[in-house]
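> Fit chain B to the given chain A structure using the hints.
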Amino acid sequence: VTSAEPPRAATWLLRHFGCCPNNDCVIGDLDEQFGRGRTRLWYWRQAVLAILVSFFKEISGHKLLAIRALVVGWLVKTVWLGLFASSVFGLVTAPPKYSVTLTPLLLVSAMSLAVCALSAWFVSRVSGRHYRPMVLLYVLVELLAVPTIINAPISLPPIPFPAVIVGYYGPIAFLWPQPFATYINLALINLGYPLKAVTAL
Amino acid sequence: MTRRDQLGNFELMVILVLIRLGDNAYGVPISEELEKRTGRDVAIGSVYAALERLEDKGFVASELGEATPERGGRAKRYFRVTARGLKEVCETQRALVKLWHGLPELEGGKA
Numbered sequence: 001v002t003s004a005e006p007p008r009a010a011t012w013l014l015r016h017f018g019c020c021p022n023n024d025c026v027i028g029d030l031d032e033q034f035g036r037g038r039t040r041l042w043y044w045r046q047a048v049l050a051i052l053v054s055f056f057k058e059i060s061g062h063k064l065l066a067i068r069a070l071v072v073g074w075l076v077k078t079v080w081l082g083l084f085a086s087s088v089f090g091l092v093t094a095p096p097k098y099s100v101t102l103t104p105l106l107l108v109s110a111m112s113l114a115v116c117a118l119s120a121w122f123v124s125r126v127s128g129r130h131y132r133p134m135v136l137l138y139v140l141v142e143l144l145a146v147p148t149i150i151n152a153p154i155s156l157p158p159i160p161f162p163a164v165i166v167g168y169y170g171p172i173a174f175l176w177p178q179p180f181a182t183y184i185n186l187a188l189i190n191l192g193y194p195l196k197a198v199t200a201l
Numbered sequence: 001m002t003r004r005d006q007l008g009n010f011e012l013m014v015i016l017v018l019i020r021l022g023d024n025a026y027g028v029p030i031s032e033e034l035e036k037r038t039g040r041d042v043a044i045g046s047v048y049a050a051l052e053r054l055e056d057k058g059f060v061a062s063e064l065g066e067a068t069p070e071r072g073g074r075a076k077r078y079f080r081v082t083a084r085g086l087k088e089v090c091e092t093q094r095a096l097v098k099l100w101h102g103l104p105e106l107e108g109g110k111a
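Line order of the protein sequences matches chains A and B. For the first sequence, position 104 (counting from the first letter as 1) is numbered 104 according to my numbering, and the numbering increases by one without interruption. For the second sequence, position 66 (counting from the first letter as 1) is numbered 66 according to my numbering, and the numbering increases by one without interruption.
FYI, nobody ran anything at the bench for these hints, they're computed from the structure. None of these values were measured; they are calculated from a predicted model. Treat the hints with care, as some may be off.
Said to hold, decoys possible - To give a feel for the contact side, a few chain A residues facing chain B, derived at Cβ under 7 Å:
| # | residue |
| --- | --- |
| 1 | D24 |
| 2 | L41 |
| 3 | K57 |
| 4 | L70 |
Unchecked claim - Label pairs and their calculated CB-CB ranges:
| # | chain 1 | residue 1 | chain 2 | residue 2 | range |
| --- | --- | --- | --- | --- | --- |
| 5 | A | W42 | B | K98 | 32 to 42 Å |
| 6 | B | G8 | A | L64 | 51 to 61 Å |
| 7 | A | R68 | B | E32 | 13 to 23 Å |
| 8 | A | L49 | B | G102 | 38 to 48 Å |
| 9 | A | L49 | B | G65 | 16 to 26 Å |
| 10 | A | P7 | B | P104 | 33 to 43 Å |
| 11 | B | L96 | A | G61 | 18 to 28 Å |
Think of the CB as a built atom: it goes at the ideal place given N, C-alpha and C, for glycine as much as any other residue.
Just chain A, same shape as in the assembly (with noise of 0.2 Å):
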């Protein structure tokens, strides 16, 4: 099934994402030949493959510029971490033992993301004319870490479930620079959930 105008969504994607210096040619190519009887499907499989083929080529012929990226972005979190903070998570109220409120969990949450768009802002200014691949890595390499999150035991049940998940991953978390694992075990801590007891597991 054909229409007049291509995916607007996959036009948009390729546009933002796709990493190839010819990315305005490429998407002009897939216009063309949507143009001439090409399916939707057809232009979202282009779409994505375009995106993907660009960014690891780009990341395979920039290695030592993808590896500075990543070490910038970490550099900026940890001298937020360093600096900041401490002492935000430190105004947060402790609660009493075992409870999760919403409040505490959606300030970190928030920070975490701010945080992670700045460290990434970090990482275009150094990037120079790569900075889509560099941004793309590095984001991606920050959520890489989640799945170490979901995978954790749930099987303590006195203590909440996201307090088990963050405190059983509480050295890795501060290990690996991943930002939600990272700020929220930081706050749990400030919560006065016991990180000894958990990891000791």
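Below, chain B without anything else, positioned relative to chain A:
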């Protein structure tokens, strides 16, 4: 010549298509010709990745062409094979023919 300067399998296909197409070699006809000749689906992203690698190696040169309404006002990028690229294709062909020669398993296209 370093390994980086050699032609990969897909790059060789792309450069042969460029020679075949002559002056009209931009993304759409290149991918269409590749699909026609190889009988496989071709991702346009892979074609551009190969073209960029070939350009980095100095085997291909490119220039921006005209923008047309059917392309959403986006310009075409025309590619052509350089003298160095042609020389490399000839050398690759010679090497492949030598390697092919005298292999009974491959004679008659039975392999």
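> If a hint holds in the structure, say so; if it doesn't, say that too.
Do the hints match the structure? See the list:
1. Because the beta carbon of A/D24 sits about 5 Å from the nearest beta carbon in chain B, less than 7 Å, this interface hint is met.
2. Residue-level restraint check for A/L41 is violated (minimum Cβ-Cβ distance to chain B is 12 Å; threshold 7 Å).
3. A distance limit of 7 Å between C-beta atoms decides the matter here; for A/K57 the minimum to chain B is near 5 Å, and the interface restraint holds.
4. At a threshold of 7 Å, the smallest CB-CB gap from A/L70 to chain B is about 23 Å, leaving the interface hint violated.
5. The beta-carbon spacing between A/W42 and B/K98, approximately 40 Å, falls within the hinted interval of 32 to 42 Å.
6. As the Cβ distance of B/G8 to A/L64 is approximately 23 Å, the hint placing it in 51 to 61 Å is violated.
7. A beta carbon spacing of about 40 Å between A/R68 and B/E32 contradicts the range 13 to 23 Å that was offered as a hint.
8. With their beta carbons about 39 Å apart, A/L49 and B/G102 fall inside the hinted range of 38 to 48 Å.
9. About 24 Å separates the C-beta atoms of A/L49 and B/G65, a value consistent with the hinted range of 16 to 26 Å.
10. In this structure the hint that A/P7 and B/P104 lie 33 to 43 Å apart at CB is violated, the actual value being about 51 Å.
11. Between B/L96 and A/G61 the C-beta distance comes to about 27 Å, which sits within the given range of 18 to 28 Å.
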